[in-house]
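Here the protein sequences come in this chain order: A and B.
Residue numbering for the first sequence follows the numbering used here, starting at 580 and increasing by one per position.
Residue numbering for the second sequence follows the numbering used here, starting at 580 and increasing by one per position.
Warning: the hint list may mix true and false statements.
Any copy will do: because identical chains look the same in the list, a pair fits if it lies in one copy or spans two.
As the list claims (entries may be wrong) - Calculated cross-link-like contacts (lysine-lysine; reagent style DSBU-like; alpha-carbon spacing at most 30 Å):
1) Lys-698 <-> Lys-674
2) Lys-716 <-> Lys-698
3) Lys-698 <-> Lys-585
4) Lys-698 <-> Lys-669
5) Lys-954 <-> Lys-814
6) Lys-820 <-> Lys-898
7) Lys-772 <-> Lys-585
8) Lys-898 <-> Lys-935
9) Lys-698 <-> Lys-718
10) Lys-905 <-> Lys-814
11) Lys-716 <-> Lys-772
12) Lys-814 <-> Lys-898
13) Lys-885 <-> Lys-820
Honestly, the hints are just simulated from the structure, not real lab data.
Number of protein chains: 2
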Amino acid sequence: MASPRKTVLITGAAGYIGSHIALCCLLSGKYSVVTIDNFHNSFPTALERVTKIAQDALPAGASDEDKKALEIKCYRGDISIKSEIDQIFKDYEGKGGIWGVIHVAALKAVGESGEIPIKYYENNITATINLLDVMDKYKVYNLVYSSSATVYGAPPQCPIPESSPLQPESCYGRTKFMSELIIKDVCDSAPDKWRAISLRYFNPAGAHPSGQIGEDPRGRPGNLLPLLAQMAVGKFPEGLKIFGNDYDTPDGTCVRDYIHIMDLAEGHVLALAALPRDEIYAAQGQAAGFGSSGGKYKAYNLGKGKGMSVLNMVDAMQKASGFKYKTEIVGRRTGDVPELTADPALAEKELEFKAKRDLEAMCRDQWNWQSNNPKGYENQA
Amino acid sequence: MASPRKTVLITGAAGYIGSHIALCCLLSGKYSVVTIDNFHNSFPTALERVTKIAQDALPAGASDEDKKALEIKCYRGDISIKSEIDQIFKDYEGKGGIWGVIHVAALKAVGESGEIPIKYYENNITATINLLDVMDKYKVYNLVYSSSATVYGAPPQCPIPESSPLQPESCYGRTKFMSELIIKDVCDSAPDKWRAISLRYFNPAGAHPSGQIGEDPRGRPGNLLPLLAQMAVGKFPEGLKIFGNDYDTPDGTCVRDYIHIMDLAEGHVLALAALPRDEIYAAQGQAAGFGSSGGKYKAYNLGKGKGMSVLNMVDAMQKASGFKYKTEIVGRRTGDVPELTADPALAEKELEFKAKRDLEAMCRDQWNWQSNNPKGYENQA
Ligand SMILES: NC(=O)c1ccc[n+]([C@@H]2O[C@H](COP(=O)([O-])OP(=O)(O)OC[C@H]3O[C@@H](n4cnc5c(N)ncnc54)[C@H](O)[C@@H]3O)[C@@H](O)[C@H]2O)c1
Ligand SMILES: NC(=O)c1ccc[n+]([C@@H]2O[C@H](COP(=O)([O-])OP(=O)(O)OC[C@H]3O[C@@H](n4cnc5c(N)ncnc54)[C@H](O)[C@@H]3O)[C@@H](O)[C@H]2O)c1
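Chain A with its partners taken away, still in its complex shape (with noise of 0.2 Å):
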């Protein structure tokens, strides 16, 4: 018979981020699944190939059981409602509860955060604060938060250590930051009882290796790579433009820090299980990048600990594809700063997570989602 697993709430489980991290829940073997989502940027096939992802995986002549095991329950529903986070927990107060919440559901486009602050804050903030309550309520008091390496704004050092400073420059980047603030502040409040653990994504690219889930973005992509995939099948035949070559960087264009998608899932896994480990928590208001606490609030960088240029990306994907592009350059881009890395050495140790997917897988896999996806998961269902 299977271990039991212990079931994990995943909010924005259809998003890009949030599905591979339901399906590495799913392939530890160690959580069930169940979400909420409002669709707002999503699709509930992803929902659905996650768990025939998971399926496909198991051993020949695995049981029915462990098959039904891995069906995500999906929650169409809003979490800036405080009803609608209820209705799950009390749900799953007969089928022996929810045992933690990894927190994904957001908006995250940082211009669009400048012209709909309400909006931002009511679904960013208002549903932190929502969802706290209702755990609080529950006495559900594992959480792991998607943070962003935008809380950092633009760093005094290079790769950034997870003690930087905190100033985010965008509407957005102060909701994750106060979000990471409103959580520390419930640790501190009842250390025998919260846990949780934020992380800060730097650059999520690439897809599951299936082609089967991946970023399906609406409208012009905001990231570099789901772009470049989307140029390689025709979009955008203007080609790209490139802000700034005279940077003081290897090849004069900007440089970031992209983590396999994959990698970037697994981590929070990873993450799970160290939210019962007491040690990590020992240091954790200096680390934070907040003043000293007494709680067991902890937060991490996820990325490779590495910089690819523009230049290197459109290298990276052309061999991918196969497809020529087209680039311009054109000026700086204010706001934009030279380089953004993550010092990865903390998550290392303590979570012993490692980036270990390079970038020919990378962009291997993004270019396999979008080829087999061309026009994303709307027409594919």
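Please build the complex by placing chain B with the ligands on the supplied structure of chain A, with the hints as guidance.
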């Protein structure tokens, strides 16, 4: 005929500060008041008394219409529930609409905020986001916000200018800091619509000279003056503990900037008048203590700019009440800073704000309120 008053929604007008703000709005002749309060920390009686004081101040022979304009329409409701705010704006659509909002309601106990942070974030942040969302929906873009000197934490210089870094040291302080950031982001998103002024209060004390309204704390008062006033009517016979007399201050005890509540409240009428004046926003990024921006957002200190030590306050209350206080020097309290005083220059220059009432008036009015209402509002209704 009386000139038509603009309708101002004051959240939490039944509370200590809100009731005095409501009174000053009414006395100004320019505003009528509607409020929403859940009476978590206040009594409806306060609102009736505000109206009574304002009506008593009308010239002889004032019309019934003039008197009626001084009634405060009160919604019993909770601003952390969006629909309860929405209802008010909806009702007023037919009555010429709401012109602006003074957002006063909040939980405010520093110590408690660290114990029940979720409640503080819900009442002070979710509520602020709700309010902004409803204002936006009904196109009400004028806002004055009750901030606090706690946003400065332990400041690098004293008196504290508005440009001092914001580094709150309590969960309560973070709710005020975050509310300011959120309001500022909203102003930045639409400079042609939104205008907001945050008022950072130092230590409000005293009461309206009528002795009809004042601070009515539940349990042991957290602030010095109400505590001294209650001691003078026989409560807390154990006397006053003074936390440290070896600070680097004139008499060794901590120095704070006490401001008469009527001065503070009048500052809000000045802020309402300043909102439409474009020129005050010119240099506001700087003055707000966090990055510059294009929006019409501004923060002002409301303080007297003069420090009073604990011993100064004990002396002054002794004179006002005739009560001989028993004091005891005990050790310093962690977290206390020796001196916190406002640099009031900016509010003086741009709002024409001046805290003109002196310590003697403050203590006299505090004592007048206390001796008229030894049990506060509860047993007086
Ligand atoms: N993609 C990145 O580059 C990146 C980098 C750093 C951090 N993050 C963070 O990772 C998380 C996931 O990002 P992603 O790239 O997968 O985005 P995504 O848009 O693909 O996924 C977010 C999911 O949450 C859902 N959602 C949003 N608001 C919701 C609400 N109010 N109620 C219910 N569901 C809601 C969306 O429908 C979507 O399925 C976010 O918190 C984001 O801020 C992303
Ligand atoms: N008193 C001080 O020393 C001081 C100093 C700096 C800033 N402030 C700020 O000034 C404001 C008013 O403080 P106060 O001293 O008058 O406090 P108070 O408790 O006397 O008044 C607050 C009022 O808001 C109401 N309220 C609270 N939460 C509510 C909710 N969710 N929905 C509806 N009503 C709600 C309360 O019932 C009360 O009537 C607060 O924002 C506080 O943070 C106070």
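Hints, one by one, checked against the model:
no.	hint	result
1	Lys-698 <-> Lys-674	between (34 Å within a copy, 28 Å between copies)
2	Lys-716 <-> Lys-698	both (26 Å within a copy, 12 Å between copies)
3	Lys-698 <-> Lys-585	between (33 Å within a copy, 29 Å between copies)
4	Lys-698 <-> Lys-669	both (27 Å within a copy, 21 Å between copies)
5	Lys-954 <-> Lys-814	within (10 Å within a copy, 74 Å between copies)
6	Lys-820 <-> Lys-898	within (19 Å within a copy, 75 Å between copies)
7	Lys-772 <-> Lys-585	within (18 Å within a copy, 49 Å between copies)
8	Lys-898 <-> Lys-935	within (20 Å within a copy, 74 Å between copies)
9	Lys-698 <-> Lys-718	both (29 Å within a copy, 16 Å between copies)
10	Lys-905 <-> Lys-814	within (12 Å within a copy, 81 Å between copies)
11	Lys-716 <-> Lys-772	within (12 Å within a copy, 39 Å between copies)
12	Lys-814 <-> Lys-898	within (18 Å within a copy, 81 Å between copies)
13	Lys-885 <-> Lys-820	within (23 Å within a copy, 57 Å between copies)
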